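When you get a sec, could you build the whole thing from the sequences and use the hints?
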Amino acid sequence: MNNFSIFTKSLFATCLIFGTVGCAGSNSTADSDNNTETSEATTEAAATAIDEVVEISVIIGQTSGSAVAYQATLGSTVKIKLLNPDANDEFHLHGYDISTIATAGQEAIIEFTADKLGTFDLESHVTGEWVLTLVVEE
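Throughout, our numbering is defined as the position within the sequence shown, counted from one, plus 593.
No lab work stands behind these hints: they were computed from the structure. As the structure is a computational prediction, the values presented were derived from the model and not from experiment. Note that beta-carbon positions come from the ideal geometry of N, C-alpha and C, so glycine has one too. Treat the hints loosely; a few may be bogus.
[Stated by the list, open to error] Listed next, with one range per pair, are the computed distances between beta-carbon atoms:
{"#": "1", "residue 1": "Asp644", "residue 2": "Ala697", "range": "29 to 37 angstroms"}
{"#": "2", "residue 1": "Glu645", "residue 2": "Ala697", "range": "26 to 34 angstroms"}
{"#": "3", "residue 1": "Glu731", "residue 2": "Asn681", "range": "14 to 22 angstroms"}
As structure tokens, this is what we get:
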């Protein structure tokens, strides 16, 4: 998706949201409730139309390694779920400088907006293993 398309969809969603909010100025309780429901539905529809979520689940030692590459589109939300079943661990996403700590057997989550183009490595600071590679493209 190119930047113009993302910008156009974002502008359209913003206009929908502000247009709906601007028209919600009724004194009637029933009208206010209906406008609130309409506003929430419009906001959800607009968010769904422009948002992309990339979900990645990794189990250390099973579905991890430097050869494991995932792709995301610039501007998308990336949600990485990390699990080390055997040990406490600390994970670091290079280039974004995001870190998280996971207790053995419990899932840790790194969630962020992919706002940088390029190739980024996720590393375990405990094992030194490259957990995965994330490629962010337009």
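Now the hints, each set against the structure:
1. Asp644 x Ala697: 29 to 37 angstroms: 33 angstroms, holds
2. Glu645 x Ala697: 26 to 34 angstroms: 32 angstroms, holds
3. Glu731 x Asn681: 14 to 22 angstroms: 37 angstroms, violated
Checked against the numbered hints above, the structure breaks only hint 3 and satisfies the rest.
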